[in-house]
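These protein sequence lines are chains A and B, in that order. Residue numbers are given in my numbering: position 246 of the first sequence equals residue 246, and the series is strictly consecutive. Residue numbers are given in my numbering: position 137 of the second sequence equals residue 137, and the series is strictly consecutive.
Derived by calculation from the structure, the hints in this document are not laboratory data. From a predicted model like this one, the values you see are computed outputs, not experimental measurements. Built from N, CA and C at the ideal position, the CB exists for glycine as well. Mixed in with the good hints, there may be bad ones.
What follows is a set of in silico ranges between Cβ atoms, one per label pair, in the way DEER data are often shown [said to hold, decoys possible]:
id, chain 1, residue 1, chain 2, residue 2, range
1, B, ALA241, A, ALA366, 30 to 36 Å
2, B, ARG334, A, GLN21, 33 to 39 Å
3, B, LEU187, A, THR24, 55 to 61 Å
4, B, VAL42, A, ILE258, 51 to 57 Å
5, B, PRO326, A, THR24, 29 to 35 Å
6, A, ASP30, B, GLY186, 52 to 58 Å
7, B, ALA236, A, ILE258, 56 to 62 Å
8, A, ASP136, B, LEU45, 18 to 24 Å
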Amino acid sequence: MHDHRDQAPKQIRNNKAGLLQRLTELLPGDALLHEAEDLRPYECDGLSAYRKLPMLVALPSTIEQVQAILRLCHELQVPVVARGAGTGLSGGALPHEQGVLLSLAKFNRILELNPQRRTARVQPGVRNLAISQAADPHGLYYAPDPSSQIACTIGGNVAENSGGVHCLKYGLTVHNIQSLKLVTIDGELLQIGGAGLDAPGYDLLALMTGSEGMLGVIVEITVKLLAKPQRAQVLLAAFNNVVKAGAAVGDIISAGIIPAGLEMMDRLAIRAAEDFVHAGYPLDAEAILLCELDGTNEEVSEHILKVREILNQAGATEVRTAKDEAERLTFWKGRKAAFPAVGRLAPDYYCMDGTIPRKRLPEVLAATTELSKQYKLPVANVFHAGDGNLHPLILYDANQPGELERTEEFGGKILELCVEVGGTITGEHGVGMEKINQMCVQFNSLELTQFHAVKAAFDPLGLLNPGKAVPTLHRCAEFGAMHVHHGELPFPELERF
Amino acid sequence: MSEQDQDNRAALLGQVERAKATGTPLCIRGGGSKDFYGRQPVGELLDVSQHQGIVNYEPTELVITARAGTPLRVIDQALTAENQMLPFEPPHFGETATLGGTIACNLSGPRRPYAGAARDFVLGSQVLNGKAEILHFGGEVMKNVAGYDVSRLMCGALGTLGVLLEVSLKVLPRLEHEVSLTFELGLEEALENLHTWGQRPYPITATCYDGDQLRVRLGGEEQAVRAAHKRIGGDALAEGAVFWGKLREQQHGFFGSSKPLWRISLASDAAPLDLEGKWLYEWGGAQRWLASESEPTIIREAMAKAGGHATLFRNGDRTQVFQPLPEGLLAIHRRLKTAFDPQGLFNPGRMYEGL
Ligand SMILES: Cc1cc2nc3c(=O)[nH]c(=O)nc-3n(C[C@H](O)[C@H](O)[C@H](O)COP(=O)(O)OP(=O)(O)OC[C@H]3O[C@@H](n4cnc5c(N)ncnc54)[C@H](O)[C@@H]3O)c2cc1C
Numbered sequence: 001m002h003d004h005r006d007q008a009p010k011q012i013r014n015n016k017a018g019l020l021q022r023l024t025e026l027l028p029g030d031a032l033l034h035e036a037e038d039l040r041p042y043e044c045d046g047l048s049a050y051r052k053l054p055m056l057v058a059l060p061s062t063i064e065q066v067q068a069i070l071r072l073c074h075e076l077q078v079p080v081v082a083r084g085a086g087t088g089l090s091g092g093a094l095p096h097e098q099g100v101l102l103s104l105a106k107f108n109r110i111l112e113l114n115p116q117r118r119t120a121r122v123q124p125g126v127r128n129l130a131i132s133q134a135a136d137p138h139g140l141y142y143a144p145d146p147s148s149q150i151a152c153t154i155g156g157n158v159a160e161n162s163g164g165v166h167c168l169k170y171g172l173t174v175h176n177i178q179s180l181k182l183v184t185i186d187g188e189l190l191q192i193g194g195a196g197l198d199a200p201g202y203d204l205l206a207l208m209t210g211s212e213g214m215l216g217v218i219v220e221i222t223v224k225l226l227a228k229p230q231r232a233q234v235l236l237a238a239f240n241n242v243v244k245a246g247a248a249v250g251d252i253i254s255a256g257i258i259p260a261g262l263e264m265m266d267r268l269a270i271r272a273a274e275d276f277v278h279a280g281y282p283l284d285a286e287a288i289l290l291c292e293l294d295g296t297n298e299e300v301s302e303h304i305l306k307v308r309e310i311l312n313q314a315g316a317t318e319v320r321t322a323k324d325e326a327e328r329l330t331f332w333k334g335r336k337a338a339f340p341a342v343g344r345l346a347p348d349y350y351c352m353d354g355t356i357p358r359k360r361l362p363e364v365l366a367a368t369t370e371l372s373k374q375y376k377l378p379v380a381n382v383f384h385a386g387d388g389n390l391h392p393l394i395l396y397d398a399n400q401p402g403e404l405e406r407t408e409e410f411g412g413k414i415l416e417l418c419v420e421v422g423g424t425i426t427g428e429h430g431v432g433m434e435k436i437n438q439m440c441v442q443f444n445s446l447e448l449t450q451f452h453a454v455k456a457a458f459d460p461l462g463l464l465n466p467g468k469a470v471p472t473l474h475r476c477a478e479f480g481a482m483h484v485h486h487g488e489l490p491f492p493e494l495e496r497f
Numbered sequence: 001m002s003e004q005d006q007d008n009r010a011a012l013l014g015q016v017e018r019a020k021a022t023g024t025p026l027c028i029r030g031g032g033s034k035d036f037y038g039r040q041p042v043g044e045l046l047d048v049s050q051h052q053g054i055v056n057y058e059p060t061e062l063v064i065t066a067r068a069g070t071p072l073r074v075i076d077q078a079l080t081a082e083n084q085m086l087p088f089e090p091p092h093f094g095e096t097a098t099l100g101g102t103i104a105c106n107l108s109g110p111r112r113p114y115a116g117a118a119r120d121f122v123l124g125s126q127v128l129n130g131k132a133e134i135l136h137f138g139g140e141v142m143k144n145v146a147g148y149d150v151s152r153l154m155c156g157a158l159g160t161l162g163v164l165l166e167v168s169l170k171v172l173p174r175l176e177h178e179v180s181l182t183f184e185l186g187l188e189e190a191l192e193n194l195h196t197w198g199q200r201p202y203p204i205t206a207t208c209y210d211g212d213q214l215r216v217r218l219g220g221e222e223q224a225v226r227a228a229h230k231r232i233g234g235d236a237l238a239e240g241a242v243f244w245g246k247l248r249e250q251q252h253g254f255f256g257s258s259k260p261l262w263r264i265s266l267a268s269d270a271a272p273l274d275l276e277g278k279w280l281y282e283w284g285g286a287q288r289w290l291a292s293e294s295e296p297t298i299i300r301e302a303m304a305k306a307g308g309h310a311t312l313f314r315n316g317d318r319t320q321v322f323q324p325l326p327e328g329l330l331a332i333h334r335r336l337k338t339a340f341d342p343q344g345l346f347n348p349g350r351m352y353e354g355l
């Protein structure tokens, strides 16, 4: 099979001066960085355990410049890594040492906001929260709200298919965008999707969403906006047992209620968050659930009563309703700040992102606790409980020799467990560099080969974000993982090789 | 479990292997209810309808997984029994409609703009590609970003990229309460109302304007539906469910015409198009049906100007059904086709000539 991904580019290798010369012809001087000290801020994304300096950083400000840069890199066979805000947690924007890091930071304008169509046409470097802020005067907002929303860019959100605490009800990025402009590696500008709710041909909009900068560079996005709900209210329930809290989640959904957000935190995470933002969380609880209900006034009142009843039935030791908007925001603040809060408990933390069928939560938690003992590394658990997306945060100290390796091994074990129970290695943070080995567990070689063929349909030379998202078969062989699907080998009766 | 349940993968795989060896084009078919859709089907029949059965349905996980040949009505029955539904309200277009065909065509009903399209609810799939390989993508969980989203790519690909064997869908609770309303209005007023209401948090779940009556369905928690009804007014529509069902299945009188039926998809607030024929508006204005004898080229050109696209949905000359793609996009389509089906075995030309 053809596989270019780990190959070093040919002609240009180490010819930084030559590349710089050519790029200078395309871009203004302040749009190019090449001195080590200027490159340093780009050496990693939110997964700081992995660092590399790019050969160059380019900061174009027009689509034509992006096209010219890509055309040149294509001609010279130079790798290109796109970067939004660099808040990614899987090393997706980790630079390539012999490549150009293409920052979309200057694409920071909201081009058009159309209240009647409920759309916003924005540049990829616009921050997630800025869209909702701009839409606010019209009573509209952009629904996906990653906890990083004050910093992360909409381009990065599309590339990762990011979620947020409200995606149980309102969906992920893929459900909330309408069209894209994309520049392919040979510099061509493509319009994907259209002004209507669908477009002719294959669903390239879905294919691009979550493609981690592997298929093209996104230079414009039209997002869908929603009418702001009349009212939102949050309930906080405390449990003396994590399993009970997990069961309560299923009970709410069985009752036919889809909360706007349904989040869970375990004891360690509760404590960390409470120390950090003083949200008033009950410190004696083993787990808390935050359940947000939104809609019309009448609907919310009705649902609060029902959910309160369900939570009590499920054995909650305490159920609180935020008394006003300020308290609602405080309840959420603890959850949204959970990562940095846990980050204060140890020199470093490592955030995992597996998703599982919700009913398997008890055994996955039990196994995680067991692994935590075995690896002698504490874990705090934060979940998007409504949709089974787990964020175990492993606490470690990178300065202790071997501790990062142990952490990575531990994290890998958690992800393999997620696959075994019928889940996935990544719910929203992407594969990037980080989970590349676990991809060998989730997918067999035929499936990986199919992914490579999709990649080659866009980028036959493998210049966009090389080495990320989809492992080579060679790498999987070295990793030595056995592909598992739902705990069994796939179709032994059909296996023909 | 029903008597029809059967894992027919071995037979399907065998037929694709033989087709591959002999270079025989295959016409993938579920219940045949959408034979009318797309360009003329050609090739040896690959009958998926025997590959039936709900493999897994977990109401509390909001997920159903079924074999592609499972009749849509079997899925509807199973969901109804648990007070759940397919949120995209798919049209069946016949008793024989299967899950696989529904997803391959990505057809969605009146609730589409308010809840999402078929593709929005696809979580995972099992696909038989043109190299005679059975592959899994996605899964049964709500959030999954491992690997490219091949499952969604299959939606609306009309089988040209592979045979869907199994599909996992997100399902939702049925809405507690529904009310349908009707307003006698002219076109401009009707559209204006739709746009105003769309910007408010009203629980609208369907809209239709037939040139005379604007019909609106509200759905959700009972109090919320009542409150919205009070705000927007309108007369209660008797037999609302029957109306929306007929609309979805194109049994509404408008669809009785034998003229070419065009599906026009464009921005919801796009000005009414100056094209000869009879119009019916749905989806808040984003889906419009046109029964017209106009030259296809005239319709296509009007679309290109309006930033939308037109599909020749029924009747008329099937040589060109979908809006032609710009060259750059078409090239990507060809390369993707080759990536999944290098010999061009599956449904050749069903979507575009040469694809
Ligand atoms: C504290 C914290 C909390 C977080 N919470 C959440 C959460 O709740 N939910 C969630 O989903 N994620 C979360 N994240 C992860 C991260 O914020 C998201 O993945 C986000 O979408 C990344 O956006 P970015 O602009 O920082 O992208 P980057 O990190 O710069 O890039 C991410 C990937 O996208 C590619 N890319 C970026 N821009 C483009 C473009 N224009 N065209 C093509 N490819 C591009 C990059 O090559 C890279 O592969 C969190 C991160 C942190 C640090």
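(message) Flag every earlier hint the structure violates by its number, smallest first.
(response) 1, 4, 7, 8
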